[in-house]
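Peer 1: On the provided structure of chain C, position chain S as indicated by the hints.
Residues per chain, in single letters:
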Amino acid sequence: VTLLEQNPRWRLVPRGQAVNLRCILKNSQYPWMSWYQQDLQKQLQWLFTLRSPGDKEVKSLPGADYLATRVTDTELRLQVANMSQGRTLYCTCSGQGYSGNTLYFGEGSRLIVV
Amino acid sequence: GQQVQQSPASLVLQEGENAELQCNFSSTATRLQWFYQHPGGRLVSLFYNPSGTKHTGRLTSTTVTNERRSSLHISSSQTTDSGTYFCAISVSNTNKVVFGTGTRLQVLP
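Each protein sequence line maps, in turn, to chains C and S.
Position one of the first sequence corresponds to residue 58 (the numbering used here), numbered consecutively onward.
Position one of the second sequence corresponds to residue -15 (the numbering used here), numbered consecutively onward.
With the rest of the complex left out, here is chain C (with noise of 0.2 Å):
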């Protein structure tokens, strides 16, 4: 059963431009929605969790920015701008936040710099 649809899959990110990645959510048993990424070194990192809608938050790491929005229940979002590196952002979910619960994974988006 899946919990989670990502999309897009894939992306030829233009060096500079921001792209917009979407999770949909499909058990409303699990609520906590994060975003995960993955380097090209295959290193994972989480970057954020969030509970409720309306929750924005934002980070930069080495090679990307991020703003992530949980825009509904059953939706979260992340913009990613400046990578100077291709990655692979994962959404997951959970229970009741991370305490005590499974992580489940979305099949990923994976974003290559062109």
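Keep in mind that the hints were calculated from the coordinates and are not lab data.
Just to be clear, a hint being listed does not mean it is correct.
[As the list claims (entries may be wrong)] Derived DEER-like restraints, expressed as beta-carbon distance ranges: (1) Leu118(C) x Ser60(S): 32 to 42 Å; (2) Gly(-15)(S) x Arg167(C): 21 to 31 Å; (3) Glu(-1)(S) x Trp67(C): 30 to 40 Å.
Built from N, CA and C at the ideal position, the CB exists for glycine as well.
Peer 2: Chain S only, in chain C's frame:
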């Protein structure tokens, strides 16, 4: 900050051999989970195992929290076990999860 070390970094087995993957972490306040990443990229949870031993099929996870370590045992490996295995811990009172660098497993026919 929290650190998670995994070993070995990579492992090559012949089909049928067993594997033992190790995870060491820097804090006793953990909620440890093991993940498997398919060669194509999909990540799936194998175990949520903050302490003790859990089994599923040919996989066994043992976490000894006060010794800050966890292991993943794969018995009678199959070629379809090939991929990367990650352990991850949560940071207390936050939603932050810290991942290890992974163990890349290749099982040869």
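Peer 1: Take the hints in turn and mark each one as holding or not.
Peer 2: So, going through the hints one by one against the coordinates:
{"no.": "1", "hint": "Leu118(C) x Ser60(S): 32 to 42 Å", "verdict": "holds (41 Å)"}
{"no.": "2", "hint": "Gly(-15)(S) x Arg167(C): 21 to 31 Å", "verdict": "holds (27 Å)"}
{"no.": "3", "hint": "Glu(-1)(S) x Trp67(C): 30 to 40 Å", "verdict": "holds (32 Å)"}
Comparing the model with each earlier hint shows no violations; every hint is respected.
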